[in-house]
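Asker: Based on the hints, put chain B in the right spot on chain A.
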Amino acid sequence: MSTQQGFAGIGQSDRTAPTPLLPVSLENVCFGVNGADLLHDVSLTIGPGNRTVIMGPNGAGKSLLLRLMQGLISPTRGKLTWRRDWNSRQGTQGGTPGSATGGMPSGAPPVSIVLQRPVLLRRSVAANLTHALRVLRVPRAERAARLEELLTLGNLQDRRDQPARSLSGGEQQRLATVRALAASPEMLLLDEPTASLDPQATHAIEGLIQSSHERGTKIVMVTHDMGQAKRIADEVVFVSQGRIAEFTPAETFFTQPQSEEARAYLSGQLVI
Amino acid sequence: MQELQSAFWEAGRLLLTFDSDLTEIVFLSLRVTLSAVFIGCLIGFPFGAFLAVARFPGRTVIVVIVNAFMGLPPVVAGLFLYLLLSRSGPLGPLALLYTPTAMIIAQAVLVTPIVTAMTRQVVEDLYQEYDEQFRSMGLFGARAVPSLLWDARYSLITGALAGFGRAAAEVGAVLIVGGNINHVTRVMTTTIALETSRGNLSLALGLGLVLISLSLLINAAVMSLRGSAKRLAYV
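Sequences listed follow chains A and B, in order.
Okay, so the first sequence: first residue is 1 according to full-length UniProt numbering, each after it adds one.
Okay, so the second sequence: first residue is 1 according to full-length UniProt numbering, each after it adds one.
The following block holds chain A by itself, in its conformation from the complex (with noise of 0.2 angstroms):
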């Protein structure tokens, strides 16, 4: 991305919080509707740097793990443990004020999320931003340099009157990734970012979570994509009928993957 230069300020290289948010840790959790359990006793520790990449078949609960570290969801049973305590309603218990944090409010939740389906408001691509901007409490006066930055780190600029809903998918996608990093946040949970956007929308997607990356975002994405996870992860989370299957680094899960489910999937047999 050519254009992260001109991004310092949404940048985190000049992050100083005096607690870091990660790692996160997930003891025994589970996660049930109805009284079935759809996630089983996971037990995990994702820790800040590398880029996380959570695969696994449909339904195993990938996106349920996201969902909980974002706090849209709680546990059924089982505890979630960040380094740095927060929750969605207040942002950062104790967080830093203002300048500290890269110019975001401490109301800000210091964890955003990419939905799979991403829901863009009935307004203008600027105003879609705008809105983002005043939620997060983003002083009056910076919303509009703020403003640009997104715009152009999206590049989004000559679309940032059209109305949201009319983009193509992967502007859509573009615009609602920018609008989560709005938020500054020290970690980034993508949920399928690029599932139905061709090759070109999908290296642009992958450029901001690069950029996001290079910037110091803790990086959390789920894909189906394999040649996607393995341009990006640096350690991968293998999730199988609600349970963790294996947690290792990239390296060792694309060529010599620890657990029978996860070499079933890289092998191409059906996994249930």
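If you're looking for bench data, these hints aren't it; they were derived computationally from the structure.
Quick caveat, the model's predicted, so the values are computed rather than measured.
Errors might be hidden in some of the hints.
Pairwise CB distance ranges, derived in the manner of DEER restraints [stated by the list, open to error]: (1) B/S215 <-> A/R134: 37 to 45 angstroms; (2) B/G199 <-> A/S166: 52 to 60 angstroms; (3) A/S25 <-> B/F140: 24 to 32 angstroms; (4) A/A144 <-> B/L209: 50 to 58 angstroms.
Cβ atoms here follow ideal geometry from the backbone N, Cα and C, with glycine treated the same way.
Answerer: Here is chain B on its own, set in the frame of chain A:
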């Protein structure tokens, strides 16, 4: 047949010459109804949105009551308001009975439940769609209401229009609290009722035509607005 034909001609003449009685009645009707719709929206939009996003005990009861009040018979609303505003009633000292203000209040009582109920429905559907996204951004409950109302804006216009339709067409409530006093509280519907019973069909017909044209005009405007909203993918 002859009589009917001449009534039509006379009605056309009244309309084309902007007959002073007719225009006075039309303008008072518009003033009363538009004010009532404005008040109804002022209350109904936020209240409906609140009902859509808030979860509290008794919410369902309130929703049921609001929905039921959509069908409140205008004469009953007029009667209750009459009891409140009559000289011996609790609001008697305000001396509002038989004034346009009383008529505005009466129609606002009829319009507000409609706007509220439609807003609740529209915003609740939208909230379901936006819920996860909003929560992930830290936007909860009441703080989400302005965003939801703005994104529902084109659908809300339809709700306001339904309110307008009800207020413009009703006769019972304004008749009871307004009294149909010549040059003071006569509106289109009450005049039509009175003039028809007096056999003065031409004025009644003229007003009827105005009333229908007004409805058509406003509906057409809203349809085209929604059409352009759809083109923009805002609906």
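Asker: Does each hint fit the structure? Answer for all of them.
Answerer: Now for the hints, and whether the structure bears them out:
1. B/S215 <-> A/R134: 37 to 45 angstroms: holds (39 angstroms)
2. B/G199 <-> A/S166: 52 to 60 angstroms: holds (58 angstroms)
3. A/S25 <-> B/F140: 24 to 32 angstroms: holds (26 angstroms)
4. A/A144 <-> B/L209: 50 to 58 angstroms: holds (52 angstroms)
Every hint from the earlier list agrees with this structure, and none is contradicted.
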